[in-house]
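Q: Given next are the chains, with one letter for each unit.
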Amino acid sequence: MIVKGWLRKGEYFDSVSLMIVSRDLNQLPGVIDSSVVMGTTENKAILTIAGLLLPEFAQSTDTDLLIVIKSENEAEAINAWQKVDTLLKAIRSKTDKSSGGVAHSINSAVKMMPGANLVLISIAGKYATAQTKKALQSGLHVMLFSDNVLLQDEIELKKMASQKGLLLMGPDCGTAILNGIPLAFANRVNQGNIGIVGASGTGIQEVSSLISNMGGGISQAIGTGGRDVKKEVGGIMFIDAFRALNSDPATAVIVLISKPPHPDVLLKVKEEVKNCKKPVVGIFIGSDGKGLENSGIHLVSNLEDAAKKAVELSDNHNDIFLKSLEKAHLEIPALANKMAKESNGKYLRGLFSGGTLCDEAQLVLKNYTKNIYSNTPLTGLSALENEWKSKANTIVDLGDDKFTSGRPHPMIDFSLRNKRIVEEASDPETAVILLDVVLGYGSHPDPASELVPAIRKAKSVSQKILFICSITGTDKDPQDREKVKSILEKEGVVVMPGNYAACRLCGEIINNIELKN
Amino acid sequence: MNLSPGKVSVVSIGQNLPMGEFTVHSRFENAVNFINSNKEVLSLVNDIQNMAANAICIGFSELAGITSLQVEKSFIVVNGIKINSLGIPLFDSACGMDKEKIVRIKKIFFDIRELPYTLFPCKSLMVLYFPEMESQFSSGFDKAFLQQSKFAFEQFLNGNILEGIKMFRGTGYGFTPSGDDFNAGFLFGLNILEQKFDKDLSEFKHQVYSIAIGGNPVVNTFLLLASQAKYFNRLKKALFLLPGKDKTATSEAFQPLLTHGETSGADLLAGLITSIHYKSIV
Chain D
259 MIVKGWLRKG EYFDSVSLMI VSRDLNQLPG VIDSSVVMGT TENKAILTIA
309 GLLLPEFAQS TDTDLLIVIK SENEAEAINA WQKVDTLLKA IRSKTDKSSG
359 GVAHSINSAV KMMPGANLVL ISIAGKYATA QTKKALQSGL HVMLFSDNVL
409 LQDEIELKKM ASQKGLLLMG PDCGTAILNG IPLAFANRVN QGNIGIVGAS
459 GTGIQEVSSL ISNMGGGISQ AIGTGGRDVK KEVGGIMFID AFRALNSDPA
509 TAVIVLISKP PHPDVLLKVK EEVKNCKKPV VGIFIGSDGK GLENSGIHLV
559 SNLEDAAKKA VELSDNHNDI FLKSLEKAHL EIPALANKMA KESNGKYLRG
609 LFSGGTLCDE AQLVLKNYTK NIYSNTPLTG LSALENEWKS KANTIVDLGD
659 DKFTSGRPHP MIDFSLRNKR IVEEASDPET AVILLDVVLG YGSHPDPASE
709 LVPAIRKAKS VSQKILFICS ITGTDKDPQD REKVKSILEK EGVVVMPGNY
759 AACRLCGEII NNIELKN
Chain W
777 MNLSPGKVSV VSIGQNLPMG EFTVHSRFEN AVNFINSNKE VLSLVNDIQN
827 MAANAICIGF SELAGITSLQ VEKSFIVVNG IKINSLGIPL FDSACGMDKE
877 KIVRIKKIFF DIRELPYTLF PCKSLMVLYF PEMESQFSSG FDKAFLQQSK
927 FAFEQFLNGN ILEGIKMFRG TGYGFTPSGD DFNAGFLFGL NILEQKFDKD
977 LSEFKHQVYS IAIGGNPVVN TFLLLASQAK YFNRLKKALF LLPGKDKTAT
1027 SEAFQPLLTH GETSGADLLA GLITSIHYKS IV
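Protein chains in written order, with this note's numbering: chain D, 259 to 775; chain W, 777 to 1058.
A couple of the hints might just be wrong.
Here are a few chain D residues that face chain W, going by a calculated C-beta distance under 8 Å [to be verified]: (1) 272; (2) 277; (3) 291; (4) 292; (5) 296; (6) 299; (7) 307; (8) 310; (9) 311; (10) 317; (11) 320; (12) 642; (13) 646.
Computed list of lysine to aspartate or glutamate pairs in EDC-like fashion (alpha-carbon distance at most 16 Å, straight line) [as the list claims (entries may be wrong)]: (14) D:384 / W:910; (15) D:660 / W:1028; (16) D:677 / W:1028; (17) D:347 / W:805; (18) D:660 / W:1022.
Ranges between beta-carbon positions, derived for each pair [unchecked claim]: (19) W:887 / D:719: 26 to 36 Å; (20) W:1054 / D:418: 18 to 28 Å; (21) D:554 / W:865: 51 to 61 Å; (22) D:388 / W:853: 37 to 47 Å; (23) D:546 / W:887: 42 to 52 Å; (24) D:628 / W:934: 53 to 63 Å; (25) W:853 / D:506: 30 to 40 Å.
In short, the hints are calculated from the structure, not lab data. For each residue, glycine too, the CB sits at the ideal point set by N, CA and C.
Using the sequences and the hints, build the whole thing.
A: Laid out in structure tokens, this is it:
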């Protein structure tokens, strides 16, 4: 075992950066312990207590950086050091004035990349309007990731974009796939002939991933932001995006995804669908389809069916995945019966990172029990009095603002959900914990490594706790769906092919438990 | 990189800007710290939320390209572009509170354990009030830091305040280490106690400040402003919103502060609560 250290004079980083680097460093193979801290006298005293102080740190000052690695051998220490160096350089390049390729305005970015026709804007909401206007005036399509943009501004900007024949995806648009390129939170999927318009980020991710896993492919996936289908915005971009896909020769089938649009918007959608020569699949989570009668749309009630129908209509499919999906559904009753017998608890606790997946869970589970609570309840379901504390069957959207204020989104940072997993396991009334794992760009690079310790801890608290999860993503994603699935299954997690199937299994288990009691 | 005239927009300036010619001291994504020959620090920020008595807030897109700064009585020169500073809105760093409000805020701090610990970042010094958070301190450094912090905190409990301040100084992650944020929070809390009890604590605050300062001029400036009751915007906002009408609203009121750095706001809060707890100081 050796301890190696490096002093970097005049280098400084904020606490967020150093905590992230320290965390990543401690997870590297062969690293027994490590620390990356500023070289204050007091931190050196703490390093002494931790057995990590080295003589070469003696000359450090408050604005120097100390890196120390305890590892099995020198090679592993050097390897870890190289990793730290890369991470720190990446952080520094974000703020370093001398770093090349950084544009400080939309105009200078356009000058640096004259052929660009789309800008992704992710800045504080109050500044976003002015920048979006500037981009649209420059003839650029916009993906507006920022939230907290005033509704009136959104309407004005969307009208402006529409008049100019430009797309304005957002505000609060987290997902898009354009010409095969995933933007923000999106998955690496097959390219193909199915186009998606969605007012729901995780809805687009789940459907596009399932389509890809089923052997189909995506031509374009266009996000609009959740407010677009509300009365005030009137579906300006939902309709424009639909028209764009209708006139896109590479798109043969169109899928529409959103929560129930306002009736006025639905009426516009109906007219567009009626005049569209391409088959259209619609999933309006929680809607009974009223208002779309006789439009010719293929209405489905869950995200999995939306993908299945689109693939069927597109004439490209992967029999192996479809058969495994069918098999999984057929086996749900027997599996649920068996799992219910193994369980001691009474209730389901669904801990979601994706908002649309959380909505779909509520929709599926209300067919099995009425005793459901949520922090984001659908119509007819009950609101949790305290979102931090579960009650009966609880479905929580941990991506809701109340949980994410001051924290990264739970797709990136698992700490809050992991804490909650252990808390739920400590509740003797918990029978099943339902999770979604969303892969793809933007999400945590190694979700299994985050979840496994929490699952183990939960099982040490309650051996009979059941874990069920779905994985939104593909084997082409940087995290590799199959790899994540295999790791979770080794921990005893039942991994279902999609969110709908996972929710169905949970519903059946709860039914069985209610009957048992 | 030179910015063309008209591209720099100054949104707000602090009431206590040091003057002179400045060079870059340290650069972060949302703030650039400048220093003059008197070792006085001035921060350039791009979000009004991050304003402070010694800061200038400019339009967001210009921050990364700014390399030189000069501040005089009536004008500011940014990257060679002269901007008239008269008429630019001043950031007011004072935070006046009536006694009734202070009593209500004190009650929240006394009942802090009633709030969920998950409200606070996991490796923050709020661990001193929520032992449930201790499991998050996992590496050798984390554990030793936690041990040191608990020991320092015990000094406060035993009335050895200056010893506790000394032990917190310079400890923890980041350019402004957690322990320094704790000490700044403690100083801000002393200002509140001054208001509550109409008592002049300036001598004690100076003692605390003198012990808390170290070798980082940015930290030292922050501590100085804390000792002078010059509140930064996020803390002002949090104190303004407190107490909420119920527990949820109270939790939300902490948000402006808790979104200040990863743990900085929470570390500062831990220090602030600690001072408010010790009436014996006055």
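Q: Each of the hints needs a verdict: does it hold here or not?
A: Going through the hints against the structure:
The closest approach between the C-beta of residue 272 of chain D and any C-beta of chain W is roughly 5 Å, which is under the 8 Å cut-off, so the hint is satisfied. For residue 277 of chain D, the interface hint holds, since its Cβ comes within 8 Å of a Cβ in chain W; the closest pair sits about 5 Å apart. At its closest, the beta carbon of residue 291 of chain D sits 4 Å from a beta carbon of chain W; the interface hint therefore holds under the 8 Å criterion. The beta carbon of residue 292 of chain D is positioned within 8 Å of a beta carbon in chain W (closest approach about 7 Å), and the interface hint is therefore held.
For residue 296 of chain D, the interface hint holds, since its Cβ comes within 8 Å of a Cβ in chain W; the closest pair sits about 6 Å apart. A hinted interface residue such as residue 299 of chain D counts as satisfied when its beta carbon comes closer than 8 Å to some beta carbon of chain W; here the least separation is about 6 Å, so the hint holds. Hint on residue 307 of chain D holds. Least Cβ distance to chain W is approximately 4 Å, under the 8 Å limit. A cut of 8 Å between beta carbons decides the hint on residue 310 of chain D: the least distance to chain W is about 6 Å, and the hint holds.
Hint status for residue 311 of chain D relative to chain W: violated, with the closest Cβ pair at about 10 Å, above 8 Å. About 12 Å separates the beta-carbon of residue 317 of chain D from the nearest beta-carbon of chain W, more than 8 Å, and the hint is not met. Hint on residue 320 of chain D holds. Least Cβ distance to chain W is approximately 4 Å, under the 8 Å limit. Annotation: interface hint on residue 642 of chain D violated; nearest CB of chain W at approximately 11 Å, more than 8 Å.
The interface hint given for residue 646 of chain D holds, since its Cβ lies 5 Å from the closest Cβ of chain W, which is under the 8 Å cut-off. Among the hinted pairs, residue 384 of chain D with residue 910 of chain W is inconsistent with the structure: their alpha-carbon atoms are about 37 Å apart, more than 16 Å. For the suggested pair residue 660 of chain D and residue 1028 of chain W, the alpha carbons sit about 8 Å apart, so the restraint of at most 16 Å is met. Simply put, residue 677 of chain D and residue 1028 of chain W have alpha-carbon atoms about 20 Å apart, too far for the 16 Å limit, and the pair is violated.
With a C-alpha separation of about 14 Å, the suggested pair residue 347 of chain D and residue 805 of chain W falls inside the 16 Å cut-off, and the hint holds. A hinted pair counts as satisfied when its Cα atoms are at most 16 Å apart, and residue 660 of chain D with residue 1022 of chain W qualifies at roughly 15 Å. The hinted window of 26 to 36 Å between residue 887 of chain W and residue 719 of chain D holds, with their beta carbons roughly 28 Å apart. Between residue 1054 of chain W and residue 418 of chain D, the C-beta spacing of about 57 Å breaks the proposed range 18 to 28 Å.
Taken as a hint, the range 51 to 61 Å holds for the pair residue 554 of chain D and residue 865 of chain W, whose Cβ atoms sit roughly 57 Å apart. At about 25 Å, the beta-carbon gap between residue 388 of chain D and residue 853 of chain W misses the expected band of 37 to 47 Å. Here the CB-CB span from residue 546 of chain D to residue 887 of chain W is close to 47 Å, well matched to the stated 42 to 52 Å. Evaluation of the 53 to 63 Å hint for residue 628 of chain D and residue 934 of chain W yields a pass: the beta carbon distance comes to about 56 Å.
Evaluation of the 30 to 40 Å hint for residue 853 of chain W and residue 506 of chain D yields a failure: the beta carbon distance comes to about 52 Å.
Checked against the numbered hints given earlier, the structure breaks hints 9, 10, 12, 14, 16, 20, 22, 25 and satisfies all the rest.
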